[in-house]
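Spelled out from the first residue to the last, the chains are:
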Amino acid sequence: MQRRRIQRVAAVGLAAALATFAAACSSSGGSGSSSSSGSGSSALSGTLNASGSTFQLPFQQAVIQAFKSVQPGMTVNYGGGGSGKGRSDLASGVVQFAGSDSPIPSDEVANFKGKKVLYFPVFLGPITMSYNLSGVSNLKLTPALIADIFQGKITKWNDPAIKSVNPGAKLPSTPITLAVRSDSSGTTANFSLFLMTAAKNWKLGSSSTINWPKTAHAGNGNGGVAQVIKSTPGAIGYVDYADAKASGLTYASVQNSAGQFVAPSPAAASAAGSTVTLKPDLTFAAVWQSSSSAYPITYQSWDLVYQKQSSTNTTKMLKAYIGYLLGDGQKLLTTLGYAPLPSNILSKAKAQLSQIGS
Amino acid sequence: MSAVTQADQAAPGAVPAGGLIGHRGLADRTFQWLALAAGLLVLIILVLIAVSTTEQASSWFSTEGWGIFGTVWDTANNKFGATPFIFGTAVTGIIALVMAVPVSVLIALLLVEVVPFRLARPIVYVVDLLAVVPSVVWGLWGILVFAPWIQHIYAHIGSAVNGIPVLGSLFGPPTSGASFFTAGIILAFMITPIVTSLSREVIATVPTVDREGAYALGSTRWEMIRGVVWPHSQGGVVGAVLLGLGRAIGETIAAALVIGSSPSITSHLFSTGYNMPAVIANQFGESSGVFKAALMGLGVLLFVFTIIVNVLARWAVNRSARRMRGA
Numbered sequence: 001m002q003r004r005r006i007q008r009v010a011a012v013g014l015a016a017a018l019a020t021f022a023a024a025c026s027s028s029g030g031s032g033s034s035s036s037s038g039s040g041s042s043a044l045s046g047t048l049n050a051s052g053s054t055f056q057l058p059f060q061q062a063v064i065q066a067f068k069s070v071q072p073g074m075t076v077n078y079g080g081g082g083s084g085k086g087r088s089d090l091a092s093g094v095v096q097f098a099g100s101d102s103p104i105p106s107d108e109v110a111n112f113k114g115k116k117v118l119y120f121p122v123f124l125g126p127i128t129m130s131y132n133l134s135g136v137s138n139l140k141l142t143p144a145l146i147a148d149i150f151q152g153k154i155t156k157w158n159d160p161a162i163k164s165v166n167p168g169a170k171l172p173s174t175p176i177t178l179a180v181r182s183d184s185s186g187t188t189a190n191f192s193l194f195l196m197t198a199a200k201n202w203k204l205g206s207s208s209t210i211n212w213p214k215t216a217h218a219g220n221g222n223g224g225v226a227q228v229i230k231s232t233p234g235a236i237g238y239v240d241y242a243d244a245k246a247s248g249l250t251y252a253s254v255q256n257s258a259g260q261f262v263a264p265s266p267a268a269a270s271a272a273g274s275t276v277t278l279k280p281d282l283t284f285a286a287v288w289q290s291s292s293s294a295y296p297i298t299y300q301s302w303d304l305v306y307q308k309q310s311s312t313n314t315t316k317m318l319k320a321y322i323g324y325l326l327g328d329g330q331k332l333l334t335t336l337g338y339a340p341l342p343s344n345i346l347s348k349a350k351a352q353l354s355q356i357g358s
Numbered sequence: 001m002s003a004v005t006q007a008d009q010a011a012p013g014a015v016p017a018g019g020l021i022g023h024r025g026l027a028d029r030t031f032q033w034l035a036l037a038a039g040l041l042v043l044i045i046l047v048l049i050a051v052s053t054t055e056q057a058s059s060w061f062s063t064e065g066w067g068i069f070g071t072v073w074d075t076a077n078n079k080f081g082a083t084p085f086i087f088g089t090a091v092t093g094i095i096a097l098v099m100a101v102p103v104s105v106l107i108a109l110l111l112v113e114v115v116p117f118r119l120a121r122p123i124v125y126v127v128d129l130l131a132v133v134p135s136v137v138w139g140l141w142g143i144l145v146f147a148p149w150i151q152h153i154y155a156h157i158g159s160a161v162n163g164i165p166v167l168g169s170l171f172g173p174p175t176s177g178a179s180f181f182t183a184g185i186i187l188a189f190m191i192t193p194i195v196t197s198l199s200r201e202v203i204a205t206v207p208t209v210d211r212e213g214a215y216a217l218g219s220t221r222w223e224m225i226r227g228v229v230w231p232h233s234q235g236g237v238v239g240a241v242l243l244g245l246g247r248a249i250g251e252t253i254a255a256a257l258v259i260g261s262s263p264s265i266t267s268h269l270f271s272t273g274y275n276m277p278a279v280i281a282n283q284f285g286e287s288s289g290v291f292k293a294a295l296m297g298l299g300v301l302l303f304v305f306t307i308i309v310n311v312l313a314r315w316a317v318n319r320s321a322r323r324m325r326g327a
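Protein chains in written order, with this note's numbering: chain D, 1 to 358; chain L, 1 to 327.
Be a bit skeptical, because a hint or two may be false.
Among chain D residues calculated to face chain L with C-beta under 10 Å, some are [unchecked claim]:
| id | residue |
| --- | --- |
| 1 | G52 |
| 2 | K85 |
| 3 | R87 |
| 4 | I104 |
| 5 | S106 |
| 6 | V180 |
| 7 | S208 |
| 8 | I210 |
| 9 | H217 |
| 10 | G219 |
If you're looking for bench data, these hints aren't it; they were derived computationally from the structure.
Idealized CB from N, CA, C, for every residue including glycine.
Extracted from the complex, chain D is given alone in its bound form:
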């Protein structure tokens, strides 16, 4: 008798557990309780999951924090992992949006099975050429010099080629140590894209990992490269502006396509954004822009969202969150070391919001 009762309790418990599990499966993580409906300002509840670009991570964290006061019922999770991981997570339906520093490459298009992906540009950011040379504070570099340095052709700081661009500087005979990324990275992809575009003598191609000279020292993440530069006299490396500032690194001015030497800053990155050729799907490349005040190694990041959404609640949540990201969220950018989007791109991105779920 006793045993039978236990069995019955167990059976009920099991059934309940199965029901919960089934419910959790059918809602596919995207939607919570689809409560009140109406305009975008109404209270939403549920969870949005996202992953991808680590370049976006600090910004997403700040926006998620601020967004809590707007929609307290919504939870947004942004896991990093890299742009490639974000795109494959989106393709396999693990996340509702993905951060990516590059448009979807041609060999990945098939993964999305013909479903339309919307690109929402989020911000711009400069990649600094940070270096560690005591007594040299105002280094100037041309794309050709950067290419030769990162191909191991120029190996000493007092090389005549560097001297001719920096006539006043006291350059020591210290050997140059390259600081590069050990992990595959959107920063590497955009830095090498810059060299491909701007330097004819660049031979190593453009990819998320590059076959650097064997003497290069590798660090994990922008922070890891910054650490290598900081601890190695004579080092030079490519670090995104926010991390370079946070680590207190010195960085060079780089010659842009108008012939001007421009130091990296959010304003110089926004200037680069103002002249980009915007494709209909809102993709573009911000490196090597023509404006005379543009910083030439500027890159960008997008949030990728499927146009078709299976649940109306997910659609509402995506519109609310990405709308906030492109609205009030943009005000958080400059303090974090990113550059806000120019208004023409921003307004097009906002207009595209209505396409989600249609």
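With the hints as your guide, set chain L onto chain D.
Below, chain L without anything else, positioned relative to chain D:
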């Protein structure tokens, strides 16, 4: 088991015996099935992992063919040769073994043959403590503390031996704090506990009669170890070493942090290198297409290597165990 059964049957029958036995029969069978299922589950998961990774890696195997063993890894130009990573895995594994094995075997001999049991215990604890340090902690310590410290030593050794035929090409410049050698040292720390504790167990199985026989014939402790303990435990120690190697070649995050991340095939042990687990961990995030398939394929190769090493290790341990039972 049988004692319990008898006791139960002897107990005065408060519950009808038939019901009890029927119940127990069901419980026994259920337990048997559950245990079998648990065992099979592991096997099935392993097979599924092997099948799905191989399938995901197929585009690498098909586009590169034997080129998978090429020497160039250049993702910008779509060249995905695995040899630099296989080389790095072998080199770091060998460095780790060369450093860890003598130390581990000596510790094991010390514990069993030299110090009394009461003193042996704390030493065992300390050695085992090395095994509970998470590998990411080893890696961070390696890159933030150990590598900056040892790079000066590398640089001094490098400039001292530069130009000397063999030494120069092994230890000469270019030197770097994060290198094959640093990774080897960190891995040596990590495999010392497992090699020590397995060797200790093997050495402890040497029959006391044999040891005392050797002493009775007038041998010193060293002669006894060489003549009795070593022949007896040789096979088991080899097995322990191979299991340590299995751990060393699969270790990921510590190696990824301290190896220097430069795919190169070189005799210079103090220069930056790369190994198989590290490249997978580092480059997976931004990979796509054949690049991703190649990383998956490296995983498959690594899986195969670790299985081979582990099977060899088990075989060596079992063989020596059998021989010892025979003795």
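### Task
Sort out which numbered hints this structure fails and list those numbers smallest first.
none
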